[in-house]
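Residue numbers (this note's numbering), protein chains in the order written: chain A, 1 to 226; chain B, 1001 to 1221.
Keep in mind that the hints were calculated from the coordinates and are not lab data.
None of the values given here were measured: they were computed from a predicted structure.
Every residue gets a Cβ at the ideal spot worked out from N, C-alpha and C, and that includes glycine.
Please note: incorrect hints may appear among the correct ones.
Simulated restraints, written as ranges between beta carbons of each label pair [to be verified]:
(1) A/Ile163 with B/Lys1074: 42 to 48 Å
(2) B/Ser1068 with A/Glu160: 35 to 41 Å
(3) B/Gly1017 with A/Gly97: 32 to 38 Å
Pairs of lysine to any residue, SDA-like flavour, derived with a Cα cap of 25 Å [said to hold, decoys possible]:
(4) B/Lys1044 with B/Arg1124
(5) B/Lys1044 with A/Lys66
(6) A/Lys66 with B/Gly1086
(7) B/Lys1076 with B/His1063
(8) B/Lys1142 with A/Ala94
(9) B/Lys1044 with A/Phe102
(10) B/Lys1139 with A/Leu145
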Amino acid sequence: MKNALKDMLKGIWKENPVLVLLLGTCPTLATTSSAANGLAMGLATTCVLCGSNLVISCIAGVVPKKIRIPVYIVVIATFVSAIDMLMKAYAPPAIYGALGIFIPLIVVNCIVLGRAEAFASKHSPLRSIFDGIGMGLGFSLALTLLGALREFISTGSVFEVKIITCWTTDFLLASAAPGAFIILGCILAAKNYFARRAAVKAGKLYVPPAGLDCRSCQICKLNDDE
Amino acid sequence: MKLKENENVLVLGGFLGITALISALVLALVFTVTREPIERMQKKSLQESFKLLSLPDFDNLPHQEAKSYISPEKFKVIIMPVRKNGVLKAFAVRSISPDGYAGEVEVTCGFDLQKKILAVLVTRQQETPGLGSNVCERKFRKTLFNLFKAAPEGLPPNPILDQFHGLTVPENGSWQVKRDGGTFDFVTGATITSRAVTAAVEQAGKTLHIHRGEFMENVKK
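Chain B extracted, bound-state conformation (with noise of 0.2 Å):
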């Protein structure tokens, strides 16, 4: 009997079952390959974001200095001193929001060491694209008349993002959008991801507070 025209329950089974197998194979071979340069190209947009935190020049490897922690309203927040020489010069906290709209914000923000916020990035998210990453990225705009032209150099504006920069995250209290009664502006349409941000940004700052102590310490050893 062919096999085009088989209809034994087990020979269909096995037919699957050996198509899945086969895909699994290419799949573990495709997996194999890629995995190191995955792992090097994740590695190098982690660094480049550090570039666009505005922080002061500085000399060590933030992430491998990284310490987790969570923040008071049970968000993972990491905390990376930046240094010079050895010496303290600043914060960079990651802080992943669960709250987004299509899954977790990370938001990644630059400190000075009076807890001043320099500058916000977010670093992962898989909102709309085109109303919720628009809370989200910072892009130079094009116009027909500087087509040509090199974009500027240092950090694309944002006004969501920037309308965090030089504030410092209050102890007590909470940071809310304007809808919810707060001070800051948020996109209409993307008020669950403007929340998002807002939050993060402000677990980030409250974590700084709690933990700062812990990294000031190795300063003074």
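This is chain A alone, in the form it adopts within the complex (with noise of 0.2 Å):
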């Protein structure tokens, strides 16, 4: 139960996905136009992640090594496309309105398909679970405060709630493409910038934590297996 609550910690700040992995860019960017849709894009990743992870967990030990990815993937798919039915189905009209397009982006997402590799197949259920659960939400919160600051900067409202109401003319470069690499990597420079303060003044060297960075990547090595 302790590992799973840290399973659970871990993807909300020190093995964040989006702040510290830098997985599933795509989305990131693409869906952060305002502060409602980077939350709602992070749930509804929340809710593929945890199914996914589970469903993998479970048949991992059967999957034969050769074909694993494109098990996983027809797992990832058949969870999204399902919930994104249900959603059709039975959400509210609003919600389903503003979250509809991006919902099969979810498949392609790299987290989703990241942590069944590296740690779903390799772990339990339970901690798979968990596992899906912190990076879903560590996802939505990197979202949502990239939307806020998007949203903000660019219309002067945050959630669609006027903060300053005298702000008439939109600030068009903040809610586009470009204005999401610049702030995204602003975001990048600043999380950077306070974990190596902390490491200094605890007198140790900042180095990027194991296994996290490009070198170490699982993915990138599918075709020499041992």
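Starting from two chains that each stand alone, build the complex the way the hints lay out.
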């Protein structure tokens, strides 16, 4: 149980998928034009992540190694399509209207496949679910932060509530794609600055968490199986 | 030999096939369960969109008397007569422009009997959220001061869609946004969406010019 909690918390800060692992950058940049969109995309991804992590950690023992990636993708795509249909049927139209176009994007989100390969296939179903929740929440948090910043800089409002009422002309750069890159870059710089300062204060050398940089990425090494 | 280390192509193919089969079964099940609720949901949102079209009182089901046409510019246009006690009162016209930034933009307009535009709504679109979608969405703006007040009644404003209200589509000549030398405002950064909406409204009006007679005859009978 203690492990499970640890698995969950690490996704939120220490191994945050967007701010540390830099996974799933495409939906991060594309869907965060407003805080509400970012939050909705984050929560939908969290649901898929939990479901796919659970199923994949259950079947990982029997899936032949050579075809594990196609099998994982089929599992993920099934979850995404099912959630899409269920939301169309039961979610309020306003929510589906805002989210509908992003849901199919979740299939190609690297975080989902990344966690399946790097965590769920090697750990117990319970720990995998908690890993899914943690990673999903970390993803939601980062997306909401980026979305809120972009929405505020472009229109002066957050969650569609106007904070500065005299803000009449939209600053379009922030809500367009280039603004997403610039603001995400600023957030990453700030995150690294604070992480390094904390490390220096504690008298340690600042290194990225082991196994998280590109050199040790498992997905890239599909063809040289030992 | 254990399944996990198996490298026989037939075994691998078979495993993948079985996986796909199971997922297809799961999806078929979900599809069957959700088909009816999805239809109900779509019907409900259709009726709600009629309420926003600023139409006069009516008691028929316009979408059940709908007729489909192809407009002069080859847009798909559906004309729905709006009646009260069998008397024609107005038209609801749905027009689908294929030229949105991300696929089709479906516009539904209310027209009175003189073919004047009562209201314009975008009923289906997949434009970029926060950019193209600003052209399409009607929303009351919230501020910190009215956060807890109930939203006002009626049609929420949208400067781009509102500029068509009260106008009549000319029988000759076309409607264009200012960027293309026309008279209609557009949103910078979302010109393509603005164009698609303008064209859809124009085609709705032109189709109504051509086919209005068919519905008027029904009135005389």
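Taking the hints in turn, this is what the structure says about them:
Taken as a hint, the range 42 to 48 Å holds for the pair A/Ile163 and B/Lys1074, whose Cβ atoms sit roughly 46 Å apart. Remark: the range hint 35 to 41 Å for B/Ser1068 to A/Glu160 is upheld by a beta-carbon distance near 36 Å. Separated by about 37 Å at the C-beta atoms, B/Gly1017 and A/Gly97 satisfy the suggested range of 32 to 38 Å. Of the supplied pair hints, the one linking B/Lys1044 and B/Arg1124 holds, its CA atoms being roughly 14 Å apart against a limit of 25 Å.
Between B/Lys1044 and A/Lys66 the CA atoms are separated by roughly 48 Å; this puts the pair beyond 25 Å, and the hint is violated. A hinted pair counts as satisfied when its Cα atoms are at most 25 Å apart, and A/Lys66 with B/Gly1086 does not qualify at roughly 68 Å. Distance hint between B/Lys1076 and B/His1063 is fulfilled; the C-alpha atoms sit about 15 Å from each other, no more than 25 Å. For the given pair, B/Lys1142 sits about 16 Å from A/Ala94 by alpha-carbon distance, which is consistent with the 25 Å threshold.
This hinted pair checks out: B/Lys1044 and A/Phe102 have alpha carbons roughly 23 Å apart, not beyond 25 Å. Between B/Lys1139 and A/Leu145 the CA atoms are separated by roughly 23 Å; this keeps the pair inside 25 Å, and the hint holds.
In summary, the structure is inconsistent with hints 5 and 6 from the numbered list given earlier, while agreeing with the others.
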